[in-house]
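Each chain, letter by letter, is given below.
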Amino acid sequence: MIRKLAFALALSMVPAAAMAEGTMPQMDFQNPLTKSQVEWMAVILVVLYLVLSRWGLPQIGNVLENRERHIASDLEAAHAAKAEADRAVAELNATMKQARDKAQADIAKAEAESKAKAFADAKVLNDKLDAQLAYSENQISEARNAALAAIKPVAADVAATLMVRLTGKAPSEATLTPEIDAALLARKAA
Amino acid sequence: MAGPSIDALGQFRLSPGLGPLGAAVNFTNSNEAMLASAAIIVVLFVLGLRSRAIVPGRLQALIELLYEFVRNMCVDTIGEEGLRFFPLVFTLFSFILLGNLLGLFPYFFAFTSHIAVTLSLALFVFVFSTGVGFYTHGFRFFKFFVPEGVPVWLLPLLVPIEIISYLSRPVSLSVRLFANMTAGHVMWEVFAGFMLLLTASFGVLGAFASVVPLGLNVALVALELLVAGLQAYVFAILTCLYLHDAVHMH
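These protein sequence lines are chains A and B, in that order.
Position 157, counted from 1, in the first sequence is what our numbering calls 157; the numbers after and before it change by one each time, with no gaps.
Position 213, counted from 1, in the second sequence is what our numbering calls 1213; the numbers after and before it change by one each time, with no gaps.
Isolated chain A (complex conformation):
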C-alpha cells in the first residue's frame, strides 16, 4: 500500500519533470513543423483577411447601414404622420371652436330677438289694456254722473213731500235746491 502511494506521488511529479527537461514541443525549434505551421498560418490568415475585408465585413456593414436607414426613414415617416395628425387635430379644434362660437352667437341673437319681440308684444297689449281701462273708467264715471243727475229731481220731490208732511207747507224751490246740491256733493265726495 505504501509502495503504491509513493508510486502515485512520484508519477504526479511527472508533468513538472517533463517541463523541466525542456521537452516542450512548443520550444522545439529544430522541428521543421514549428516553422512550417507559422508559414501556413500566414497563408490562412491572408486568405481569411481578404475574405473578411473584401466580402464579409462590408456585407455586414451594408446590412447594418440598411437597417439604420430603414429605421431612420420609418422614424421620419412617423414624425411626418404625427405632424400631419397634429395639424388635423388643430384644424378640427379650430373648426369646432368656430362652430361653437357661431352657434353661441346665433343663440344670443335669437334670444335677443325673441326678447325684443316679446317686449313689443307686451307693450302693445298693455297699451290696448290701458286704453280699454281708460274707456271703461270713463264709462263708469259717465254712468255715475248720469245716475247722480237723475237722483237730483227725485231728492227734491222727496224733500218737498217730507217738508209738506212735516210742516204742512210747501218749501220754495229756491231754498230747497242749494241744500240738496250741497248734500249731494257731500255724498259724492264721500
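These are calculated hints, taken from the structure and not from any lab test.
Hints should not be assumed to be uniformly reliable.
[To be verified] Subject to a maximum C-alpha distance of 20 Å in a straight line, what follows is the list of computed SDA-like cross-link-like pairs (lysine to any residue): (1) A:Lys123 <-> A:Asp106; (2) A:Lys35 <-> B:Val1025; (3) A:Lys35 <-> B:Gln1011.
[Said to hold, decoys possible] Derived coverage of chain B by chain A (criterion: at least 3 residues anywhere in the stretch with Cβ under 8 Å from a Cβ of chain A; other residues may be distant): (4) 1021-1035; (5) 1076-1090.
Quick reminder that beta carbons are idealized off the backbone N, C-alpha and C, glycines included.
We have chain A already, so just place chain B on it with the hints.
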C-alpha cells in the same frame, strides 16, 4: 510496474496534417485547427448573411454582435482612424478567439498554445504598428520615445527605458496568450491523468477518489472558456492600443 503516466505536453506535439499531401508541404495538425477556425468564421458569415434581414435571426445577430463589438473596440481605442484597421483587428480577434475556443474541445489542437504562433502574430502586430507610426509621422515618430514634460537630464535614462518597453511589447503580447493557453491545457491533462493514476493505484477506491480531479476539471472548463475569450480580447485591444500609439503618438 508500468502504470499509466501523464503526458501533459503530448497534446502540443506537432505532427503532419491533411494526410500525405499535407505532409509533403509540411502542413501540420496545428494548421488543421487554424483552417477549421478560419472556415468556421467564413461559414458563420455565409450563414449569417443568408437572409440579410432587418430583424436579424440568431446567426445574423451573432456576426452583427461580433462586428459591432470589434468595430466599437477599434473606434473607441484608436479613434475614427481606427476604422482603417478594423478588418485587420477583426481577422486577428476572430482567428484567435476561434483558435482558443476550438482548442478547448478534445482532439482539437490549440494552436494559440504555441509560442511560435503567438510570437509571429505579436511580431506582425509590432512591425505593422511601428510601420503605421513611421508612415503616419515619418521620422518624427522617434519622438514617441521622448516623454514630454520631463527634465532634459533625465532623458538619457528615460529614452532607453521607453525603447526597451516598446521593444518588449511583442514579447509580453505573445507570452501572455501562449502561457495562458498552455497552462490551462496542461492543467486539464494533469488532472485527467490524476484520475487514471488514482484508479490504477487504488482500484475502486481510487476510481471514487478521482471524482475530485474530475470536479476540478469541470470547474477548469468554465475558467478556460473565460480565458479563451478574455485572451483573444486582450490581444485585440492591445493591438488597437499599439495602433493608437502609432497613429496618435501619445
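Verification of the supplied hints:
1. A:Lys123 <-> A:Asp106: Not OK: Lys123 (chain A) and Asp106 (chain A) at ~25 Å, beyond 20 Å, violated.
2. A:Lys35 <-> B:Val1025: holds, 12 Å
3. A:Lys35 <-> B:Gln1011: holds, 18 Å
4. 1021-1035: holds (count 8)
5. 1076-1090: Check passed, 4 qualifying residues.
Of the hints listed earlier, the one the structure fails to meet is number 1.
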